[in-house]
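Protein chains in written order, with UniProt numbering: chain A, 1 to 278; chain B, 1 to 62.
Derived from the structure by calculation, the hints contain no laboratory data. Take these hints with a grain of salt, some might be off.
With a Cα cut of at most 25 Å, we get these calculated SDA-like pairs of lysine to any residue [to be verified]:
no., chain 1, residue 1, chain 2, residue 2
1, A, Lys230, A, Asp152
2, A, Lys230, B, Val12
3, A, Lys230, A, Thr181
4, A, Lys230, B, Leu11
5, A, Lys230, B, Asp28
6, A, Lys230, B, Thr26
7, A, Lys230, B, Val24
8, A, Lys230, A, Ala132
9, A, Lys230, A, Arg215
10, A, Lys230, A, His164
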Amino acid sequence: MTGLRYVYAVCRPFGAALQSQLRGVAGDPPRLLNHHGLIAVVSHVPETDFSEEALRARLEDLDWLAATARAHQQVIDALTVVTTPLPLRMATVFRDDSGVRVMIEEREDDFRRTLDRLEGRVEWGVKVYVEADPESAAQPAQPARRAASGRDYLRQRRMQTRAHEDRWARAEELAARLHETLSSRADDTRLHAPQNPALSGAAGRNVLNAAYLVRRDVSEEFVEMVDRAKDDVPGIRVELTGPWAAYSFAGEETAREEDTGTREKGVGPPEEDAGEGT
Amino acid sequence: MTIVERREIALVDLLDRLLAGGVVITGDITLRIADVDLVRIDLNALISSVNAQVPSPWRELT
Chain A
1 MTGLRYVYAV CRPFGAALQS QLRGVAGDPP RLLNHHGLIA VVSHVPETDF SEEALRARLE
61 DLDWLAATAR AHQQVIDALT VVTTPLPLRM ATVFRDDSGV RVMIEEREDD FRRTLDRLEG
121 RVEWGVKVYV EADPESAAQP AQPARRAASG RDYLRQRRMQ TRAHEDRWAR AEELAARLHE
181 TLSSRADDTR LHAPQNPALS GAAGRNVLNA AYLVRRDVSE EFVEMVDRAK DDVPGIRVEL
241 TGPWAAYSFA GEETAREEDT GTREKGVGPP EEDAGEGT
Chain B
1 MTIVERREIA LVDLLDRLLA GGVVITGDIT LRIADVDLVR IDLNALISSV NAQVPSPWRE
61 LT
């Protein structure tokens, strides 16, 4: 069978076998391609879906994208059970095995360095939401009681606004405190851009969307810390996802090529692209 | 390891990582990051339209 090569991750050789029923993005079982002492986890994908042109069109198809993302994640999950994989960005595709080998040769120093940094660690995602205020959500713009005068009305509005601001201030305080506490147990952290509620479908507004790189042997403690924060403040929801492979920590300098959304929190020095052109 | 919540991973969390995280390698089939960002924008519209049938309980209050 020909076809293209889809690469999920690079890792160090590991003893265990992958589950035999594991299937990759196009239903093909992932194989281990050993080269220069590193393993690329690869499966065959058809050119009809994964050539450049086809892929661009396919990625716009939400059902296809979702199925592919879940299949990709399944392989990464299976790898995470047996080793610490360095996950590649979704849809990294090569013509053939020799293309994959060349890629390993070109990047092997990077890979080893990053694999060392990630060794024995997983990523946890923590999001903090401010829940919709039940009262004002029920009656968005109306004052609670009939306003006797314009001044009353304005005062009631002001009180409502203040209640929202309080909630916000509490949420931001909690988020900052939680981030600080969790960071103390993490080897690295990333602040992602808050998720758009329309995109996530999650209730409430996302005020913290952070990723933490945590040693496996500290993870239980880390999860308990998040768990404890959950009931701290009413109206504020804390969500935990993971353990993930270290997707958010796979790049050497994330500020450079990762999603620019994270920059709004002021991560990373802005100097890089500054002084060009004269 | 204790796993507190083992729900199916939300697509948005998954895509946050798969499309924005991971090592970026120029493969033989190259979708540049810029292309993927474009996809994300379209995706935004797509998912919003899907979710429009199930409105979020949160209303913009500003």
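Evaluated hints:
no. : hint                : result
1   : A:Lys230 x A:Asp152 : violated (37 Å)
2   : A:Lys230 x B:Val12  : holds (21 Å)
3   : A:Lys230 x A:Thr181 : holds (13 Å)
4   : A:Lys230 x B:Leu11  : holds (23 Å)
5   : A:Lys230 x B:Asp28  : violated (45 Å)
6   : A:Lys230 x B:Thr26  : violated (41 Å)
7   : A:Lys230 x B:Val24  : violated (34 Å)
8   : A:Lys230 x A:Ala132 : holds (16 Å)
9   : A:Lys230 x A:Arg215 : holds (22 Å)
10  : A:Lys230 x A:His164 : holds (20 Å)
Violation of the numbered hints given earlier is confined to hints 1, 5, 6, 7; the remaining hints are satisfied by the structure.
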